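Every position in the sequence shown, counted from 1, becomes a number in our numbering once 29 is added.
Check each hint, because a few of them may be wrong.
Heads up, simulated DSSO-like pairs for lysine-lysine below, C-alpha to C-alpha not over 27 Å straight-line [claimed, not checked]:
id, residue 1, residue 2
1, 301, 32
2, 149, 283
3, 290, 300
4, 240, 32
5, 219, 257
6, 91, 53
7, 300, 310
Pair ranges (Cβ atoms, derived) [claimed, not checked]:
id, residue 1, residue 2, range
8, 334, 73, 37 to 45 Å
9, 168, 100, 22 to 30 Å
10, 100, 203, 18 to 26 Å
11, 318, 297, 19 to 27 Å
Source of the hints: derived by calculation from the structure; they are not laboratory data. These figures come from a predicted structure and were not determined experimentally. The beta-carbon is built from N, C-alpha and C at its ideal position, and this holds for glycine as well.
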Amino acid sequence: MKKTRVGILGVTGYGGRETLRILKRHPGVEVTRVASSDASIGLSIASVFPEFRGLWDLTVEKNDPAVFMEQCDVMLLSAPNGLAQKVAPAYLEKGMKVIDYSGDFRLKNLSEYEMAYEQKHEAPAWVAKSVYGMPELYKKEIESAQLIANPGCFPTSIILGLTPFFTAGLTTDDRPQSVSITGTSGAGKKASVPLLQAEVEGTVRPYKIGKHQHTPELNQVLSDMAEKPISVTFIPELGPFARGILSTLTLRIKSDVTIDKVIDAFKEFYKKAPFVRILNKGEYPELKNVLHSNFCDIGVHVYPGNVCVVFSAIDNLLKGQAGLAVQNLNIITGQDERTGLL
Numbered sequence: 030m031k032k033t034r035v036g037i038l039g040v041t042g043y044g045g046r047e048t049l050r051i052l053k054r055h056p057g058v059e060v061t062r063v064a065s066s067d068a069s070i071g072l073s074i075a076s077v078f079p080e081f082r083g084l085w086d087l088t089v090e091k092n093d094p095a096v097f098m099e100q101c102d103v104m105l106l107s108a109p110n111g112l113a114q115k116v117a118p119a120y121l122e123k124g125m126k127v128i129d130y131s132g133d134f135r136l137k138n139l140s141e142y143e144m145a146y147e148q149k150h151e152a153p154a155w156v157a158k159s160v161y162g163m164p165e166l167y168k169k170e171i172e173s174a175q176l177i178a179n180p181g182c183f184p185t186s187i188i189l190g191l192t193p194f195f196t197a198g199l200t201t202d203d204r205p206q207s208v209s210i211t212g213t214s215g216a217g218k219k220a221s222v223p224l225l226q227a228e229v230e231g232t233v234r235p236y237k238i239g240k241h242q243h244t245p246e247l248n249q250v251l252s253d254m255a256e257k258p259i260s261v262t263f264i265p266e267l268g269p270f271a272r273g274i275l276s277t278l279t280l281r282i283k284s285d286v287t288i289d290k291v292i293d294a295f296k297e298f299y300k301k302a303p304f305v306r307i308l309n310k311g312e313y314p315e316l317k318n319v320l321h322s323n324f325c326d327i328g329v330h331v332y333p334g335n336v337c338v339v340f341s342a343i344d345n346l347l348k349g350q351a352g353l354a355v356q357n358l359n360i361i362t363g364q365d366e367r368t369g370l371l
């Protein structure tokens, strides 16, 4: 079988490292070129990530579309917000497929994008053509997509934990709540005093309250699923660990909805989703059970008064980023979506 040739931009970040780790064991992919915009240009991958000694014979380059286009079929953009919209069009205009890890192509409303990310979009025509890369919701659209906007890490855990309520008609609540705790790797690799071990050890810190850039993304996708406006009260928190997200979601359900009905609805909705695991009644997810995997574990509990609480756990660097990107890569290249991820 002919392998898909892949180029990675932003390879020296956490997302790039995890992508390399996955693709090393992927039977249908060959990583042909990698690039970065930092001081690692010219270094071997083994110099940047010593864990890859003897595994990768790649040198970090500067992004050069003319060079990458000759040797790559698909580009994976593991770059910070604001960069993909500058570099992606050169590849897209030549017919290449692109998977963007950032928030640049997720929001269809450009005004919301500008408010959330505090910058004007430089490639608005491609925003309209992008497909939101959540296979559990949009697999058919992903199959024929040229540009995939990989979902954010928080939205992945929250959207997977809420969607079946709306598609199965279990709720009329249009204001669900989410308290989501994440590890420090969610902020990326750039040095920052608030992310130092001495600053995060022994504490949990709410941050970006009322202004997190993932809020409009949550509302956009869940409104699409519910076929009516949904507004999530989203409370992000930073925990004293490196990786993982645990979202605790709360919403009101209809009076005749039992916990068994909720669990059955989730199992039915995700019956063809190989990376979503619905736990049985009385079982709840833990981060340690999803770390270093592409799984999302979901558990539910129904309280008196028709209140349902959902617990959704993922690894933010895998199901929330690199693993999900490879899942999308498999789909757009006609491979089993599980390839390289199990």
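Hints, verified against the model:
The suggested pairing of residue 301 with residue 32 holds, with an alpha-carbon distance near 26 Å, which does not exceed 27 Å. Between the alpha carbons of residue 149 and residue 283 the distance comes to roughly 42 Å, so the proposed pair goes past 27 Å and is violated. Using a Cα cut-off of 27 Å, the hinted pair residue 290 and residue 300 holds, with the two alpha carbons roughly 15 Å apart. Of the supplied pair hints, the one linking residue 240 and residue 32 is violated, its CA atoms being roughly 42 Å apart against a limit of 27 Å.
With a CA separation close to 38 Å, the supplied pair residue 219 and residue 257 exceeds the 27 Å bound. For the proposed pair residue 91 and residue 53, the alpha carbon gap of about 22 Å is at most 27 Å, so the pair holds. Restraint check for residue 300 and residue 310: satisfied, since their Cα atoms lie roughly 17 Å apart, inside the 27 Å limit. Distance hint for residue 334 and residue 73: a CB-CB separation of about 60 Å, inconsistent with the stated range 37 to 45 Å.
Hint check: residue 168 to residue 100, Cβ distance near 29 Å, so the stated range 22 to 30 Å holds. With their beta carbons about 48 Å apart, residue 100 and residue 203 fall outside the hinted range of 18 to 26 Å. A hinted range of 19 to 27 Å holds for the C-beta pair residue 318 and residue 297, which are about 23 Å apart.
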